[in-house]
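Make the full structure from the sequences, and use the hints.
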Amino acid sequence: MAKGPVDRRKPYVRIADELRHDIATGKYPVGETLPPGARLAETYQVSGMTVSNAIAVLRDEGLVTTRQGARGATVIATPDTQDAGEAPAERSEEFEIIFAQLQEIRGHIRRLNSRLDAIDERTRDQ
Numbered sequence: 001m002a003k004g005p006v007d008r009r010k011p012y013v014r015i016a017d018e019l020r021h022d023i024a025t026g027k028y029p030v031g032e033t034l035p036p037g038a039r040l041a042e043t044y045q046v047s048g049m050t051v052s053n054a055i056a057v058l059r060d061e062g063l064v065t066t067r068q069g070a071r072g073a074t075v076i077a078t079p080d081t082q083d084a085g086e087a088p089a090e091r092s093e094e095f096e097i098i099f100a101q102l103q104e105i106r107g108h109i110r111r112l113n114s115r116l117d118a119i120d121e122r123t124r125d126q
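Numbering (full-length UniProt numbering), first residue to last: 1 to 126.
The set of hints was computed from the structure by calculation and includes no laboratory data. Given the structure is predicted, the values throughout are model-derived calculations rather than measurements. Among these hints, one or two may not hold up.
Unchecked claim - So the derived label-pair ranges between C-beta atoms look like this:
| no. | residue 1 | residue 2 | range |
| --- | --- | --- | --- |
| 1 | R59 | I119 | 36 to 46 Å |
| 2 | H108 | P36 | 14 to 24 Å |
| 3 | S92 | Q45 | 31 to 41 Å |
Where a beta carbon is used, it is the ideal one built from N, C-alpha and C, also for glycine.
Structure representation (structure tokens):
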């Protein structure tokens with residue numbers, strides 16, 4: 001059985017590339033949060049530090065933002081907008097507050113959707 005070429009890139013670079021691709025293809029659209037570091041570490045079978053380094057690459061590129069105590073990095077731009085020369089805008093404190101509130105609202109909406117789906121499933125059987 002022939003093997004493909006060996007990827008000699010450092011693991012954090014490979015992970016950053018895969019996450020960048022996922023952001024570019026819309027798997028993680030602007031405003032969404034990447035999975036928590038522990039889950040990414042499990043997915044890629046690497047240490048938490050390796051995941052942190054990958055996220056740092058994306059943060060330095062202006063694709064994600066991180067906050068102390070947040071569950072994951074939040075997507076703030078896509079690679080295509082970065083390639084087009086659009087630098088991420090400076091974020092004011094007011095923007096950060098509103099953005100955090102928006103993330104909280106999105107979380108509530110996801111939970112409500114889950115509850116509605118569960119109710120819908122129960123009522124279909126009747």
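Range agreement (Cβ of I119 with Cβ of R59, hint 36 to 46 Å): Given range 36 to 46 Å: holds, Cβ gap about 39 Å.
Range hint compliance [Cβ, H108 to P36, 14 to 24 Å]: 19 Å, holds
Outcome for the supplied range 31 to 41 Å, where the beta carbon pair is S92 and Q45: 39 Å, holds
Of the numbered hints stated above, none is contradicted by the structure.
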